[in-house]
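Trainee: Hey, can you work out the whole structure from these sequences and the hints?
Each chain is listed here by its residues.
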Amino acid sequence: MFQLKQGRAKALTAALAAALLAGCAPPPAGNEVTLNFFQFKPEAIQEFAGLIDEFEAANPGIRVLQNNVPDPDTAIRTLLVKDKTPDVLTLNGNASFGLLAKACVFADLSKEPSAKEVLPAVQDILNANGRCNDSEINGLPMANNASGILYNPELFAKYGVSVPRTWDELIAAAETFKAHGVAPFYMTLKDAWTTSPALVNLAAQLQPEGFFDRLNAAGADRANSPVSFSKDYQEVADKLLQLFKYAQPGAIGVDYASGNKAFADGKAAMYLNGSFAVPAIRAANRDAKIASFPYPVTNDAAHTTVVSGVDVALAMGRETPHRAEAQKFINFLMSKEVIDKYAKNQSAFAPIKSAAPQQDPALKGLASYFTAGKVAGYMDHRLPPSIPLVNITQQFVLDADKSRYLNTLDNEWFKIAARTPKRGDQQ
Amino acid sequence: MTHSTKAFYWMAVPALVLFVTLHTVPVVTGMFFSLTDYAGYGKWNFVGLQNYLSLFKDDRVLASYGFTFLFAITATVIVNVLALGVAMLLNAKIKFQTAFRGLFFIPNVLAILVIGYVFNFIFSNSLPLLGQSLGIDWLSTSILANKDLAWLGIVAVSAWQSIAFSVILYLAGLQTIPAELYEAAGLDGASYWRQFSSITFPMIGAFFTINMVLALKGFMQAFDQIVALTGGGPGTSTESVSMVIFRGGFQGGEFGYQMANSVVYLLVIVAVSLIQLRTLQRKEADF
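The listed protein sequences correspond, in order, to chains H and P.
Under my numbering, the very last position in the first sequence is 427; numbers go up by exactly one each time.
Under my numbering, the very last position in the second sequence is 287; numbers go up by exactly one each time.
Calculated directly from the structure, the hints in this document are not laboratory data.
Be careful, since some hints might not be right.
[Stated by the list, open to error] Below, a list of computed lysine-lysine pairs in the BS3-like style, where the Cα atoms sit at most 30 Å apart:
| id | chain 1 | residue 1 | chain 2 | residue 2 |
| --- | --- | --- | --- | --- |
| 1 | P | K147 | H | K178 |
| 2 | H | K415 | P | K147 |
| 3 | H | K84 | P | K43 |
[Claimed, not checked] Per label pair, the in silico range of CB-to-CB distance:
| id | chain 1 | residue 1 | chain 2 | residue 2 | range |
| --- | --- | --- | --- | --- | --- |
| 4 | P | V118 | H | E54 | 40 to 48 Å |
| 5 | H | A372 | P | L70 | 47 to 55 Å |
| 6 | H | G219 | P | F56 | 36 to 44 Å |
| 7 | H | A179 | P | V118 | 38 to 46 Å |
Note that the structure is a prediction, hence the values are computed from the model and not measured.
Ideal Cβ positions, reconstructed from N, Cα and C, are used throughout, including at glycine.
Mentor: Written out as structure tokens, the structure is:
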């Protein structure tokens, strides 16, 4: 999800681009079937183009047309409004995806052979975001990301810091770097969303069991809700603030791209980001020294999990006229060979049982948690997207007003629950 | 009805059809959906006035109205004061008058989104450097990252761009004033200030009115400059009403709810413009 949020102006062009989508397909020749493939990830256009060539060569008579637009979350909505659901889609498995799945615009894929290959923990995370009739499988995870702390192994070695396994060790490490005049974390507060990797990791390990399910069950009844952000997110907020106290001077004016460059150039010991930042950091400096470890949020190392979300979820339009061909294409994309190759090239985690483990040295610190199933979902995927969570969090990190922050979150949550009683859209 | 007048009616039909299908039908459809909980896709229920009631309880929406009015009024005042000043300078007998007029119009030709990104760079990089070297504390970091100052950055860019258009209108107004008035006033010994307050300003009253109305209406719909400069941030401190409508409606899946917001906002803008026209027109000089 993170790569989506960088482009603010992209939103404006999305509607236009979506309108153009329909017009750019040449008519199919003879009895050839053309699949309209909505591909949301700009970083993976080349990757998918190669896969499509491979698929078309093996399946004469099926053509796949890749469409890629800026701000896909908005673009897909405009397509749906016009009843132009693509045949096959990749989408980020976020809250937006959950809402669409819940509105039953995607086909049920639970009978597909590839569905049985998916790691159950990962499928659960995707299903928890929302699904049609609460029983179908509306998306198959093709690639996962993982949020963790990236670090510079050279700087760690230079100052004799070992990889932190508890919260206290993490803070001690930050203090050590600070004492040596090295920025402990590189913060990029100009882009509001860069506050959320830390937030989701803290929340995943500190929020009470079933927090969002109980919050949903409470409906609009704020006064009698057993759980709330004000009650249960105190420690999350405290620790978030503590981390952001280590921001380098001027962090509020620095954007994500500059942060990637600075970390790539060894200007900070750690970077509060995830697997999705690794390709961007390498793009800024091919020789960047990157390694990773999961957020040690508590002082119990056994409690540590990796927050992982479905970076690429495959879905099929519910009413597609080319169901057989779409199934063929999806099962091709879900095959072990394709997934392994994709995970390797895109620094992603492969969410199927038979996949080879992620060998990238930058991600090795997270890989074992992933295969052991010690994964948790993104907390922000459970919030309705109409809550501007990242902006509210950015505000909090800047003004440190904890009670206002938690109260705002409660306020936004229950306000939306109150005005959409019938939809039951909130996660 | 004669044959020729009938023809004129028929000539208006294509325009009417286009207007109704491309404008009235979508507006009425939107108004209908403001009474539903439509998300923009999938099933929907009729909810009556629920959305409108929720609007008045939504502090985020109320905050965006507060920001928009603060921004629009400040920008309107700044634009009109400066535009009138520039227009009077350009109307004076100076060398290269045409060249200057062309030059001053350039900001209006550029797309605000493009300008926004250029100024974003200036505010985030160049100005802080200047602030650091001069030792000015509040200027040493990007003002766009400061929730109390970010709106000023947006005002500055919006004003910079839209002054050009107001200047053109004021220039047109200034050229309608007969030169004899100034000659007579000069013979009577009236000062420059007296000439401005008793001749120039009353004579361009109608232009002042239309400039004020157009500027306020335009600024109340502010969207692209905010997208380019702050994206509504830091936090949600610079979210305009249009921004909330776009985010909640298109990105947040609350199409029906934000449609209700749009309908209310349409009424607010129409009301403000009418009040403004009424009060300002009464002050115009009749001649």
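Trainee: When you take the CB atoms of V118 (chain P) and E54 (chain H), is the distance between them in 40 to 48 Å?
Mentor: holds, 43 Å
Trainee: Please work out if K84 (chain H) and K43 (chain P) have their alpha carbons no farther apart than 30 Å.
Mentor: Given pair K84 (chain H), K43 (chain P) holds - Cα atoms ~16 Å apart, limit 30 Å.
Trainee: Taking 30 Å as the top limit, are the C-alpha atoms of K147 (chain P) and K178 (chain H) close enough?
Mentor: With Cα atoms ~28 Å apart, K147 (chain P) and K178 (chain H) stay inside 30 Å; holds.
Trainee: Between the beta carbons of G219 (chain H) and F56 (chain P), is the distance compatible with 36 to 44 Å?
Mentor: violated, 21 Å
Trainee: Regarding A372 (chain H) and L70 (chain P), is the given constraint of 47 to 55 Å on their beta-carbon distance met?
Mentor: Given range 47 to 55 Å: holds, Cβ gap about 53 Å.
Trainee: Given the hint that K415 (chain H) pairs with K147 (chain P), test it: the Cα-Cα distance must not exceed 30 Å.
Mentor: holds, 24 Å
Trainee: Is the hinted range of 38 to 46 Å satisfied by the C-beta distance from A179 (chain H) to V118 (chain P)?
Mentor: holds, 40 Å
The structure does not agree with numbered hint 6 stated previously, though it agrees with all others.
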